[in-house]
Amino acid sequence: LAKTTQPISMDSYEGQEVNITCSHNNIATNDYITWYQQFPSQGPRFIIQGYKTKVTNEVASLFIPADRKSSTLSLPRVSLSDTAVYYCLVVLGYNQGGKLIFGQGTELSVKP
Amino acid sequence: EAQVTQNPRYLITVTGKKLTVTCSQNMNHEYMSWYRQDPGLGLRQIYYSMNVEVTDKGDVPEGYKVSRKEKRNFPLILESPSPNQTSLYFCASHGAGQGRGYTFGSGTRLTVV
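In order, the protein sequence lines correspond to chains A and B.
Here my numbering is used: position 111 in the first sequence is 111, and no number is missing along the way.
Just remember that my numbering sits 112 ahead of the position in the second sequence, which is counted from 1.
Just so you know, these hints were derived from the structure itself, not from any lab.
In this text, all values refer to a predicted model and were calculated from it rather than measured experimentally.
A hint or two may mislead.
Claimed, not checked - Computed cross-link-like contacts, BS3-like style, restricted to lysine-lysine with a CA-CA straight-line distance of at most 25 angstroms:
1. Lys-111(A) - Lys-169(B)
2. Lys-177(B) - Lys-130(B)
3. Lys-130(B) - Lys-183(B)
4. Lys-129(B) - Lys-3(A)
5. Lys-169(B) - Lys-99(A)
6. Lys-129(B) - Lys-169(B)
7. Lys-99(A) - Lys-129(B)
8. Lys-99(A) - Lys-181(B)
Kindly produce the complete structure, drawing on both the sequences and the hints.
Here it is as structure tokens:
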């Protein structure tokens, strides 16, 4: 599975849009990109998954360029409760079955 | 409510005393996994299962055993716990074809003294 690289930390203010970019240069044809959010001492929570172009749900948007070597998670108008660690993962196939490799994640701090 | 249930939430035990952390999901999911999370090391996969009686090693399987006799249950067994297995453990499950990622349990904080 492709290794991912993302910033260790980011700061933002309430109401701003936050974009977290993840690099996955060795992504394979059958791989999907997925993002999770984790609060301290809680299990990660699935945010969004995509293969190419743009995916949007009620929580976030995911932008994936044509070469798929990177992806950007966009959180619109963040609030204090969005302070968390965000993980970008490359997963084998739509089903995400099997091996999942979590990197260090991006620690997002939202300030008032 | 759809959920992954782990028990116990907290456990303090002594070195060498066998223990089992249970994990159960009520979503009829095929895939289940166990992770441990340690400061500075992040989340690491211990074992995963793609269906009943199908299990495979993750990145850090040493010292752990799992079984998947029923679809809903995926217990984690520590035959002879050691202090380096003190950690926060998470169980997770995922349904084939759903594309909605894994659902994680609330975690089990294990301390081995």
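Hint check results:
1. Between Lys-111(A) and Lys-169(B) the CA atoms are separated by roughly 40 angstroms; this puts the pair beyond 25 angstroms, and the hint is violated.
2. Proposed proximity of Lys-177(B) and Lys-130(B) is supported: the alpha carbons are some 11 angstroms apart, at most 25 angstroms.
3. With a C-alpha separation of about 24 angstroms, the suggested pair Lys-130(B) and Lys-183(B) falls inside the 25 angstroms cut-off, and the hint holds.
4. Restraint check: the Cα-Cα separation between Lys-129(B) and Lys-3(A) comes to about 37 angstroms, which exceeds 25 angstroms; the hinted pair is violated.
5. Distance check on the hinted pair: Lys-169(B) and Lys-99(A) sit about 9 angstroms apart at the alpha-carbon level, within 25 angstroms; holds.
6. Among the hinted pairs, Lys-129(B) with Lys-169(B) is consistent with the structure: their alpha-carbon atoms are about 23 angstroms apart, no more than 25 angstroms.
7. Between Lys-99(A) and Lys-129(B), the direct Cα distance comes to roughly 29 angstroms. Violation of the 25 angstroms bound is thereby established for this hinted pair.
8. As the CA atoms of Lys-99(A) and Lys-181(B) are separated by approximately 20 angstroms, the hinted pair is consistent with the 25 angstroms bound.
Violated hints, listed in ascending order, are 1, 4 and 7; each of the other numbered hints is respected by the structure.
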